[in-house]
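Read off the chains here:
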Amino acid sequence: MINFIQFTLTRAGLAVITLLLVCFIVFSLMELVPGTCAERYLAFKNTQGSQITYEDIEKEKIRLGLDKPFLYRYGKWVSNIVFNGDFGDSCILRMNINELLSGRFTLSLTICLVALIFSYLIAIPVGIISATTKYASLDNTLKFISYLGIALPNFLVALCIMLFMTVYYGDTMTGLFSQEYENEPWSSAKLFDFLSRAWLPIFVLGWNATAFALQTVRALMLDENDKLYVMAARARGISGMSLLWRYPAKHSLGPVINSIGFDLNRIFSALPIVALILILTEAGALLIEALARSNDQQLAGAIIFLLTATIVFVNFITDIILAIIDPRIRKGVMGGG
Amino acid sequence: MSHLLEVKNLDVKFDTDEGRITAVENISLSVDQGEVLGIVGESGSGKSVTAKSIMKLNPGNTSYNEDAEIILDNENVLQFTSKQDLKKIRGGKVSMIFQEPMASFAPAIKIGAQMVEQLLIHKNINKDEAKSISINMLKRVGIADAEKRFNQYAFELSGGMRQRAMIAMALSTMPKLLLADEPTTALDVTIQAQVINLIKDIIKEYQMGVIFITHDLGVIAQVADHVAVMYLGSVVEKGPVNEILKNPKHPYTKGLLQALPDINNLDAPLSPIPGNIPSPLDRPTGCVFRTRCPHHNPEGKDGKIEMKLIEVEPGHWVDKCGIQCGQNG
Numbered sequence: 001m002i003n004f005i006q007f008t009l010t011r012a013g014l015a016v017i018t019l020l021l022v023c024f025i026v027f028s029l030m031e032l033v034p035g036t037c038a039e040r041y042l043a044f045k046n047t048q049g050s051q052i053t054y055e056d057i058e059k060e061k062i063r064l065g066l067d068k069p070f071l072y073r074y075g076k077w078v079s080n081i082v083f084n085g086d087f088g089d090s091c092i093l094r095m096n097i098n099e100l101l102s103g104r105f106t107l108s109l110t111i112c113l114v115a116l117i118f119s120y121l122i123a124i125p126v127g128i129i130s131a132t133t134k135y136a137s138l139d140n141t142l143k144f145i146s147y148l149g150i151a152l153p154n155f156l157v158a159l160c161i162m163l164f165m166t167v168y169y170g171d172t173m174t175g176l177f178s179q180e181y182e183n184e185p186w187s188s189a190k191l192f193d194f195l196s197r198a199w200l201p202i203f204v205l206g207w208n209a210t211a212f213a214l215q216t217v218r219a220l221m222l223d224e225n226d227k228l229y230v231m232a233a234r235a236r237g238i239s240g241m242s243l244l245w246r247y248p249a250k251h252s253l254g255p256v257i258n259s260i261g262f263d264l265n266r267i268f269s270a271l272p273i274v275a276l277i278l279i280l281t282e283a284g285a286l287l288i289e290a291l292a293r294s295n296d297q298q299l300a301g302a303i304i305f306l307l308t309a310t311i312v313f314v315n316f317i318t319d320i321i322l323a324i325i326d327p328r329i330r331k332g333v334m335g336g337g
Numbered sequence: 001m002s003h004l005l006e007v008k009n010l011d012v013k014f015d016t017d018e019g020r021i022t023a024v025e026n027i028s029l030s031v032d033q034g035e036v037l038g039i040v041g042e043s044g045s046g047k048s049v050t051a052k053s054i055m056k057l058n059p060g061n062t063s064y065n066e067d068a069e070i071i072l073d074n075e076n077v078l079q080f081t082s083k084q085d086l087k088k089i090r091g092g093k094v095s096m097i098f099q100e101p102m103a104s105f106a107p108a109i110k111i112g113a114q115m116v117e118q119l120l121i122h123k124n125i126n127k128d129e130a131k132s133i134s135i136n137m138l139k140r141v142g143i144a145d146a147e148k149r150f151n152q153y154a155f156e157l158s159g160g161m162r163q164r165a166m167i168a169m170a171l172s173t174m175p176k177l178l179l180a181d182e183p184t185t186a187l188d189v190t191i192q193a194q195v196i197n198l199i200k201d202i203i204k205e206y207q208m209g210v211i212f213i214t215h216d217l218g219v220i221a222q223v224a225d226h227v228a229v230m231y232l233g234s235v236v237e238k239g240p241v242n243e244i245l246k247n248p249k250h251p252y253t254k255g256l257l258q259a260l261p262d263i264n265n266l267d268a269p270l271s272p273i274p275g276n277i278p279s280p281l282d283r284p285t286g287c288v289f290r291t292r293c294p295h296h297n298p299e300g301k302d303g304k305i306e307m308k309l310i311e312v313e314p315g316h317w318v319d320k321c322g323i324q325c326g327q328n329g
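Here the protein sequences come in this chain order: L and C.
Taking our numbering, the leading residue of the first sequence gets 1, the next gets one more, and so forth.
Taking our numbering, the leading residue of the second sequence gets 1, the next gets one more, and so forth.
Looking at chain L on its own, in the form it has when it is part of the complex:
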């Protein structure tokens, strides 16, 4: 038990170090982009017709603290996030990033996580069935569906469903809320409205993710099923479900759990394109906007930080789960225990 606490603390420490390192890289990249926030903002104002002088830029720099050295500003940025949960202001939009993101990141994350959970809930049992079924036609059908999921681009699936919904139900299914609920506070009716629309992005993202996870589970199960210990267990008279779940399935679960963090990242990366088509107001689209169009480094940094933190956290959790289910990992990292 002491060992387990030690293990958890070590992992947590490593997670924090990873996060700080990622922060540093993100912040450095923000610095590397030509021009400071002050220059960019004033250049932006210039295009709006205001007359900008060199003094204005200098004043703005001092106001934003850009005259301070790099490491000082990095420390301030990180400590503001860690201690105050404050991401500062967006450079271009002149709004507090927390306000700007409020709800949106949670919304994106919810969509991604729900898609992720669904994909694993489906992929694990179906992958096991696909790998162990006696009926080649069932395995082939499942393989065909999952190859479709991998091969069809998300946006195409989204477009097809939109087309179908528009033709048959007269609703384009865009957005996450109907108009009447768009600016309403949360209520059960709004939640219902949200769910009735959110299934589409969840389905589109989830199908693709399920297809990938299914292939992973299937390959791992086939691999594990061929191992000698499974035959040895059969030779001891173990059969049926108790053989399947306790032997190959349990032992192939480790790498599957390992891939969860990676999958979350992939789903989040796929989200902006789906969001663009379905016109969702979520954080992924905002990230693309901030990076590619408005060059809003503060906003982009904040979103990347939140995303990284989520993935680091998920990986931390999967590490703990792995140690719980697999004694080789537990005893390996904990030194005998």
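Covered, in the sense of this in silico footprint (three residues per stretch, anywhere, with C-beta under 8 Å from a C-beta of chain L), are these stretches of chain C: (1) 81 to 89; (2) 96 to 108; (3) 114 to 126; (4) 146 to 156.
Facing chain C, according to a computed beta carbon distance under 8 Å, are these residues of chain L, among others: (5) 227; (6) 228; (7) 229; (8) 231; (9) 232; (10) 233; (11) 234; (12) 235; (13) 236; (14) 238; (15) 239; (16) 246; (17) 247; (18) 326.
Calculated from the structure, these hints are not laboratory results.
Think of the CB as a built atom: it goes at the ideal place given N, C-alpha and C, for glycine as much as any other residue.
Given chain L's structure and the hints, the job is docking chain C onto it.
Just chain C now, with coordinates in the frame of chain L:
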């Protein structure tokens, strides 16, 4: 007297993408209570396939011939299809130990849990009884700290200890027949000797029948009472172990013995059997050994002669083609 195990005219074939492969052809063997039958042969000679047939452990693409019989305790195992019947031959009346003890324990389940699981399937006992049987068995096979080992995983044990634990697990249900598939091949020579002695002791104590599969004639000489030499899925020579080792008749058996280094004359060149084992996909018809027969044998060469074991001495059976192959030279 009826034998504990009697295998009659067994053919085993696998359906693969490349066609139907004959893994075992027309094998007949018997094992009595308290007797050790050694099966010797190179890799791919069908030793393991034969043993697995006794537990019906061969994969789904396997087919057996209709007139084959594997009689264990007066029941034909090949007719077994129900879960209850299969249970009897898998871990009940028959247990199997494997070459790789590490690979034959599930890595993420405790050794004790795997032993108890097996006992609960086969014996009408509760968990505590199963635990005490398991611990006693671990002690019996010479594992110190049996209580501690009971709660450990296979990767925490040394190679020799894993092999002992596997033997303990195989014996815990008191099987009548033990199938040992190269149980000592992966071990150091010193540990190999310990494990062989352990197996011999246990056979004597429990009076079980044993099929001991190996490619090592030295090991056979130590453990077996009878030996069957297999080549490409067929038994080419069988009989009492002393008779076979001292007076081999088949060129393949002779070749195997000549391929062993002579401890008194280590400089003497080893004489390997000429040629290679043909691929099972193009298994020779008739006499399987004819492609490697060192001497000319015009009748055997064209594959028209069927293989047939004939008794040359009481209890010593040799494939007819093999004798001709030797004589005509």
